[in-house]
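Listed in order, the protein sequences are those of chains A and B. Heads up: the first sequence begins at 526 in this note's numbering, then just goes up one per residue. Heads up: the second sequence begins at 15 in this note's numbering, then just goes up one per residue.
Bear in mind the hints are in silico, worked out from the structure with no lab data behind them. Computed from a predicted model, the values in this text were never measured in an experiment. Errors might be hidden in some of the hints.
27 Å max Cα-Cα, derived BS3-like pairs, lysine-lysine [stated by the list, open to error]:
no. : chain 1 : residue 1 : chain 2 : residue 2
1   : A       : LYS625    : B       : LYS72
2   : B       : LYS114    : A       : LYS582
3   : A       : LYS582    : A       : LYS540
4   : A       : LYS582    : A       : LYS625
5   : B       : LYS63     : A       : LYS582
Counterexamples of contact, computed for chain A against chain B with all Cβ distances above 10 Å [what the hints assert, rightly or not]:
no. : residue
6   : ASP543
7   : PHE570
8   : ARG589
9   : SER598
10  : THR601
11  : GLN608
Ideal Cβ placement from N, Cα and C applies to all residues, glycine included.
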Amino acid sequence: GAGVSQSPSNKVTEKGKDVELRCDPISGHTALYWYRQSLGQGLEFLIYFQGNSAPDKSGLPSDRFSAERTGGSVSTLTIQRTQQEDSAVYLCASSLVGEKLFFGSGTQLSVL
Amino acid sequence: AQSVTQLDSQVPVFEEAPVELRCNYSSSVSVYLFWYVQYPNQGLQLLLKYLSGSTLVKGINGFEAEFNKSQTSFHLRKPSVHISDTAEYFCAVRRYNTDKLIFGTGTRLQVFP
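Full structure from sequences and hints, please.
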């Protein structure tokens, strides 16, 4: 596609439910990143992929968070048993190796 | 591990005044440095980057930044700001041998008429 696409754009869920956030990167981009943006916290690194593998998962806040990428393209970030502190904007970005990141518009997650 | 510190969470400034947004980093190895900007209701986009060579780098919209290795800083400057520069600015760092990009907490630049 023309840009990085994220879905849904908004997600409201109840505490304790699982959610899946999807990212469609720019075609051909081998690197894919997930960040979390919340007030006062800036952009918090979660995980990044090179192809289908994740060299660095150190940013995932807890074992409730997981991510996968298939076919070197689409990625899914899953949050299990959501908590109110998970409320934030989840941003996905993609890039060619060593090049600038292109960001999606994000998924606004609200946990009630 | 590398980290990025943006000392100012908010910078208010009048139109046509100069501005400097501060960024300091820490890393045990050499790094690449970036500034990204997020305009209201828009996604982040690259403003400028330092990879190697001249320590003064120029970016879009009249912004420039200077890499200072001894002070581990990469401050962003513009000699005369415009209302349209109102945005959130993020400094970021990446180590030479990795694609992991770490961002600072951001600086909100508010330009007043």
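Need the list of violated hint numbers for this structure, in ascending order. When the structure is compared with the hints, only number 7 turns out to be violated.
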